[in-house]
Amino acid sequence: MTQAMTLEQGASVEPIIAVRSLNKTYQSGFCALKSIDLEIKRGEIFALLGPNGAGKTTLISIICGIVNASGGEVTADGLDILRDYREARQRIGLVPQELAVNIFETVWATVKFSRGLFGCAPDDNYLEQLLKNLSLWDKRDSTIMALSGGMKRRVLIAKALAHEPKILFLDEPTAGVDVELRRDMWAMIRKLREDGVTIILTTHYIEEAEDMADRIGVINKGEIVLVEEKHALMKQLGRKTLTVQLARPIARLPTNVNSDAVSLTQDGRTLVYQYTTAADDSGVSQLLGQLQEAGIEYSDLSTKQSSLEEIFVSLVEEKQ
Amino acid sequence: MNLHGVKAIYLFELARTWRTLMQSIASPVLSTSLYFIVFGSAIGSRIVEIDGISYGAFIIPGLIMLTILTESTSNASFGIYMPKFTGTIYEILSAPVSTLEIVVGYVGAAATKSVILGVIILITARLFVDYSIEHPLWMFGFLVLTCLTFSLLGFLIGLWANSFEQLQIIPMMVIAPLTFLGGTFYSINMLPELWQKVTLLNPVVYLVSGFRWSFYGNADVHLGISLGMILLFMLIFISIITWIFKTGYKLKS
Ligand SMILES: Nc1ncnc2c1ncn2[C@@H]1O[C@H](COP(=O)(O)OP(=O)(O)OP(=O)(O)O)[C@@H](O)[C@H]1O
Ligand SMILES: [Mg+2]
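Protein chains in written order, with the working numbering: chain A, 127 to 446; chain B, 4 to 256.
Calculated from the structure, these hints are not laboratory results. Be a bit skeptical, because a hint or two may be false.
Within a straight-line C-alpha distance of at most 25 Å, the following computed BS3-like cross-link-like pairs (lysine-lysine) qualify [what the hints assert, rightly or not]:
#1 Lys160(A) to Lys10(B)
#2 Lys278(A) to Lys87(B)
#3 Lys317(A) to Lys292(A)
#4 Lys347(A) to Lys160(A)
#5 Lys366(A) to Lys356(A)
#6 Lys430(A) to Lys361(A)
#7 Lys292(A) to Lys356(A)
#8 Lys347(A) to Lys292(A)
#9 Lys255(B) to Lys347(A)
#10 Lys10(B) to Lys87(B)
#11 Lys10(B) to Lys292(A)
#12 Lys258(A) to Lys292(A)
Keep in mind it's a predicted model, so treat the numbers as computed, not measured.
The shape of chain A in the complex, shown without the other chains (with noise of 0.2 Å):
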């Protein structure tokens, strides 16, 4: 009983999944990870981004035990991966990057055998939920085979909720998902979320990392580059452009202004202004003054913050 009750206490304060030195070389020889150190708040969205193998599926599918560590330890909810391997199974759901599927299976065979595989005893009022929640219901008497590429993957998230997981993988999960749908499997993480669930997701659309995320993890070349709160993150490292439309066209910069940091396009109309968010500087109302004091006159002004893709795009370039 007390032991029952330092354990749960002590779990708020741990990460959900702790990963440390993690390494990984494969039998061809590759290294695929390099000594990879990561920790999972509970109850977060955590976004894993990174280029076309830089080691993402690797890492999620040691977690879940589909593939052998060369070295390191994983713990999820305090539960060593390997030792505790029950325990620690149980709290994950994994819906994997390839369309892995029974496509003679029904839609409702397959999450029931799911459910059962990972040792949970029949609900059909939970499934029948789920199956709703993931406008499967209607669907689920067919055969896998008669269905579409996106209510595939949607099965395969069935199938990794069927045993109501504390812990998701999803590894791009919006890969070949329409936009509609797309917003309501959001709308749907969002949910589990809000139950508690932790969640961890690839994706090659920055957007969503950008609109989902609570933390985003950058990993390129098998190391972790990066580990951040998006908001931190767009903060730290976020690029503001400032872009004026001059009502007339000059032929060079007026000398007052700094030519370092403002640029002037070819055809002379538009004057680009680059700064950063995190320094507090006056440069917007130093430049319209500067304008102002050379007589120049503009007819429009618009700004534009630089999106996670471009700060992911710099990072990965900065490393190379």
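Fit chain B with the ligands to the supplied structure of chain A, relying on the hints for placement.
Using the frame of chain A, we list chain B with the ligands on its own:
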């Protein structure tokens, strides 16, 4: 023990049998019927009795063996090879099930199917020849043990195979010939002395002999040896499977 997990795998595999009912049950039954018609009735009527048993009746145990050995092996190997092939194995690997539980699920289902098949053939045989079973409990025991052992072998082949060709090769190139040469259609006492010795290297001889003893009370080799051999095979297959799962060989990269 994850009983729900074992049950899920077991029922999934049986459902697969059900979906492919024609290949699973009908074709072995058909081919054994043909054996009975050809060997039992047509040719058998010209062959003298062996050990006081009509030829048609004599070949029943061997024919059942022939079918359940090949069917157990190919069915169990297919059962585990398919998830590897389609990628659905990810779910099994990520599930809270132990090696033993996975094996019990897959092998149990394949063996169940083979036992059912064996019984169906036994009933079919009745349409062609008259026979008696002297030790029905032993008969059933041998049937179940053999089905289990060869389903284990099949599971092993399915784990090992990298292609459909490799999957077929052992049932076709090893098991079927060994069964034909293992005393299915003759008593090994009918062979020249040298070949009797050579034949004893064929493990199937022990299975057929023990099984035939449970029908007619006479055997080519001692009953204890037959039983011992089955259990030995079983042990070997289980050890290899356990080792495969321990090392992740060919299942996990
Ligand atoms: N079984 C394997 N044997 C050898 N190398 C492998 C194996 N699986 C993956 N790799 C290599 O490991 C690296 C990481 O692969 P991984 O699938 O983890 O990348 P990823 O980040 O998921 O990429 P993507 O965005 O394309 O899904 C790649 O270079 C890949 O070629
Ligand atoms: Mg991947």
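Let me make sure I understand: some of the numbered hints might not hold for this structure. Which ones are they, in numerical order? 1, 8
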